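Work out the full structure, taking the sequences as your base and the hints as a guide.
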Amino acid sequence: MTLAQIKKSDLIEQTLRFQGKPLSFRNYPLSRQIIDTEADFYLLKGGRQIAKSVTLANVILSDIMAYPYNSFLYIAPTLPQVKVFSADRIAARIEESPDFKDIYLDKTMASVPFEQNIFKKTFANGSQIYFRSETQLDSIRGIAVKQNMFDEIQD
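By the working numbering, the letter at position 24 of the sequence shown is numbered 24, and the numbering carries on one by one without gaps.
These are computed hints drawn from the structure, not numbers from a lab. For clarity, every value in this text was computed on a predicted model and none was experimentally measured. Please note that the accuracy of each hint is not assured.
Mimicking DSS-like on lysine-lysine, the simulated pairs with C-alpha atoms at most 25 Å apart in a straight line are [as the list claims (entries may be wrong)]:
no., residue 1, residue 2
1, 146, 7
2, 146, 120
3, 83, 7
Pair by pair, the computed Cβ-Cβ distance ranges are [unchecked claim]:
no., residue 1, residue 2, range
4, 41, 143, 16 to 24 Å
5, 135, 6, 35 to 43 Å
6, 19, 137, 31 to 39 Å
7, 136, 42, 20 to 28 Å
8, 5, 33, 15 to 23 Å
9, 148, 79, 14 to 22 Å
10, 44, 146, 14 to 22 Å
11, 10, 137, 33 to 41 Å
12, 6, 101, 33 to 41 Å
13, 24, 138, 26 to 34 Å
Backbone N, C-alpha and C define an ideal beta-carbon position, used for all residues, glycine too.
See below:
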(Lines of atoms letter the chains of each structure in order from A and count residues from 1; the text may use other names and numbers.)
(Lines give C-alpha, C1' and ligand atoms only; values in the text may rest on other atoms or scores of the structure.)
Protein backbone atom coordinates (compact mmCIF):
# COMPACT_ATOMS: atom_id res chain seq x y z
CA MET A 1 0.00 0.00 0.00
CA THR A 2 1.40 3.40 -0.99
CA LEU A 3 1.09 6.61 0.97
CA ALA A 4 -1.43 7.84 -1.61
CA GLN A 5 -3.70 4.89 -0.76
CA ILE A 6 -3.65 5.47 2.99
CA LYS A 7 -6.27 7.77 4.48
CA LYS A 8 -4.76 10.65 6.43
CA SER A 9 -6.71 9.65 9.54
CA ASP A 10 -5.19 6.15 9.36
CA LEU A 11 -1.73 7.68 8.98
CA ILE A 12 -2.35 9.69 12.14
CA GLU A 13 -3.53 6.64 14.07
CA GLN A 14 -0.42 4.73 12.96
CA THR A 15 2.06 7.53 13.70
CA LEU A 16 0.86 9.90 16.43
CA ARG A 17 0.37 9.27 20.12
CA PHE A 18 -1.79 11.02 22.71
CA GLN A 19 -1.29 10.60 26.46
CA GLY A 20 1.07 7.70 25.87
CA LYS A 21 -1.28 5.73 23.62
CA PRO A 22 -1.80 5.59 19.86
CA LEU A 23 -4.17 8.36 18.84
CA SER A 24 -7.61 6.97 17.98
CA PHE A 25 -10.65 8.45 16.25
CA ARG A 26 -12.96 5.74 17.59
CA ASN A 27 -14.89 8.28 19.68
CA TYR A 28 -14.43 11.13 17.17
CA PRO A 29 -15.86 10.00 13.80
CA LEU A 30 -16.47 13.59 12.72
CA SER A 31 -12.76 14.37 13.18
CA ARG A 32 -11.92 11.42 10.93
CA GLN A 33 -14.24 12.78 8.20
CA ILE A 34 -12.74 16.26 8.44
CA ILE A 35 -9.16 14.99 8.28
CA ASP A 36 -9.91 12.76 5.29
CA THR A 37 -11.80 15.39 3.27
CA GLU A 38 -10.43 16.42 -0.09
CA ALA A 39 -12.27 19.76 0.05
CA ASP A 40 -10.24 22.88 -0.74
CA PHE A 41 -12.20 24.93 1.78
CA TYR A 42 -14.21 24.04 4.86
CA LEU A 43 -15.55 25.71 7.98
CA LEU A 44 -15.93 23.97 11.32
CA LYS A 45 -18.74 25.42 13.40
CA GLY A 46 -19.63 23.93 16.74
CA GLY A 47 -19.97 24.39 20.45
CA ARG A 48 -17.23 24.50 23.03
CA GLN A 49 -14.99 21.55 23.80
CA ILE A 50 -15.80 19.38 20.79
CA ALA A 51 -12.16 19.00 19.66
CA LYS A 52 -12.14 21.64 16.90
CA SER A 53 -8.60 22.83 17.67
CA VAL A 54 -7.38 19.27 18.22
CA THR A 55 -8.87 18.29 14.86
CA LEU A 56 -7.20 21.30 13.23
CA ALA A 57 -3.84 20.22 14.70
CA ASN A 58 -4.39 16.71 13.34
CA VAL A 59 -5.23 18.11 9.89
CA ILE A 60 -1.95 20.04 9.90
CA LEU A 61 0.16 17.10 11.11
CA SER A 62 -1.47 14.66 8.67
CA ASP A 63 -0.87 17.04 5.77
CA ILE A 64 2.77 17.39 6.82
CA MET A 65 3.10 13.60 6.68
CA ALA A 66 1.17 13.21 3.42
CA TYR A 67 2.56 16.14 1.40
CA PRO A 68 6.24 17.17 1.51
CA TYR A 69 6.97 20.90 1.22
CA ASN A 70 3.55 21.80 2.54
CA SER A 71 3.17 25.09 4.40
CA PHE A 72 0.61 26.43 6.84
CA LEU A 73 -0.28 29.71 8.46
CA TYR A 74 -2.24 29.21 11.67
CA ILE A 75 -3.97 32.36 12.98
CA ALA A 76 -5.81 32.75 16.29
CA PRO A 77 -7.32 35.90 17.83
CA THR A 78 -4.78 36.34 20.63
CA LEU A 79 -1.12 35.60 21.25
CA PRO A 80 -1.89 33.36 24.28
CA GLN A 81 -4.16 31.22 22.05
CA VAL A 82 -1.37 30.92 19.47
CA LYS A 83 1.09 29.83 22.14
CA VAL A 84 -1.31 27.20 23.53
CA PHE A 85 -2.00 25.79 20.06
CA SER A 86 1.68 25.72 19.08
CA ALA A 87 2.86 24.19 22.37
CA ASP A 88 -0.05 22.00 23.50
CA ARG A 89 -1.68 20.92 20.23
CA ILE A 90 1.32 20.65 17.91
CA ALA A 91 4.61 20.43 19.87
CA ALA A 92 3.24 18.19 22.64
CA ARG A 93 1.67 15.79 20.11
CA ILE A 94 4.99 15.60 18.24
CA GLU A 95 6.97 15.12 21.46
CA GLU A 96 4.78 12.14 22.41
CA SER A 97 5.14 10.52 19.00
CA PRO A 98 8.54 8.87 18.45
CA ASP A 99 7.69 7.66 14.93
CA PHE A 100 6.81 11.18 13.82
CA LYS A 101 9.92 12.62 15.49
CA ASP A 102 12.23 10.04 13.93
CA ILE A 103 11.04 10.84 10.41
CA TYR A 104 9.99 14.48 10.40
CA LEU A 105 12.38 15.97 12.96
CA ASP A 106 15.56 14.30 11.69
CA LYS A 107 17.86 17.32 11.35
CA THR A 108 20.25 15.39 9.11
CA MET A 109 17.47 15.04 6.52
CA ALA A 110 16.15 18.61 6.75
CA SER A 111 15.67 20.30 3.40
CA VAL A 112 15.04 23.73 4.97
CA PRO A 113 16.68 25.46 7.95
CA PHE A 114 15.44 23.59 10.99
CA GLU A 115 13.31 25.53 13.53
CA GLN A 116 11.05 24.44 16.38
CA ASN A 117 9.74 27.45 18.28
CA ILE A 118 6.37 28.95 19.20
CA PHE A 119 6.01 30.94 15.97
CA LYS A 120 7.54 28.61 13.39
CA LYS A 121 8.10 24.88 13.05
CA THR A 122 9.97 23.29 10.15
CA PHE A 123 10.21 19.62 9.30
CA ALA A 124 12.70 17.37 7.54
CA ASN A 125 10.42 16.96 4.50
CA GLY A 126 10.42 20.71 3.84
CA SER A 127 7.04 21.42 5.42
CA GLN A 128 6.56 24.47 7.64
CA ILE A 129 3.99 25.87 10.06
CA TYR A 130 3.81 29.57 10.93
CA PHE A 131 1.81 30.64 13.99
CA ARG A 132 0.45 34.17 14.31
CA SER A 133 -2.27 36.07 16.15
CA GLU A 134 -4.62 38.73 14.86
CA THR A 135 -2.66 41.14 17.05
CA GLN A 136 0.43 40.47 14.88
CA LEU A 137 -1.05 41.45 11.52
CA ASP A 138 2.18 43.05 10.27
CA SER A 139 4.01 39.76 10.84
CA ILE A 140 1.60 37.93 8.52
CA ARG A 141 2.53 39.98 5.45
CA GLY A 142 4.88 38.26 3.06
CA ILE A 143 4.44 34.72 4.37
CA ALA A 144 3.81 32.44 1.38
CA VAL A 145 1.86 29.33 2.39
CA LYS A 146 -0.33 26.71 0.77
CA GLN A 147 -2.92 26.53 3.58
CA ASN A 148 -4.38 29.13 5.91
CA MET A 149 -5.95 27.96 9.15
CA PHE A 150 -8.09 30.40 11.16
CA ASP A 151 -9.07 29.32 14.65
CA GLU A 152 -11.77 30.93 16.79
CA ILE A 153 -13.16 33.20 14.09
CA GLN A 154 -16.12 34.26 16.24
CA ASP A 155 -13.87 36.25 18.60
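The hints, checked one at a time:
1. 146 / 7: Holds, at about 20 Å.
2. 146 / 120: holds (15 Å)
3. 83 / 7: Violated, at roughly 29 Å.
4. 41 / 143: 16 to 24 Å: Since residue 41 and residue 143 have Cβ atoms about 19 Å apart, the given range 16 to 24 Å holds.
5. 135 / 6: 35 to 43 Å: holds (39 Å)
6. 19 / 137: 31 to 39 Å: holds (36 Å)
7. 136 / 42: 20 to 28 Å: Because 25 Å falls inside the window, the suggested range holds.
8. 5 / 33: 15 to 23 Å: Given a distance of about 18 Å, which is inside 15 to 23 Å, the answer is holds.
9. 148 / 79: 14 to 22 Å: holds (18 Å)
10. 44 / 146: 14 to 22 Å: With Cβ atoms ~19 Å apart, the hint holds.
11. 10 / 137: 33 to 41 Å: holds (38 Å)
12. 6 / 101: 33 to 41 Å: Between residue 6 and residue 101, where Cβ atoms are some 20 Å apart, the hint is violated.
13. 24 / 138: 26 to 34 Å: violated (41 Å)
In terms of the numbered hints stated before, the structure departs from hints 3, 12, 13, listed from lowest to highest.
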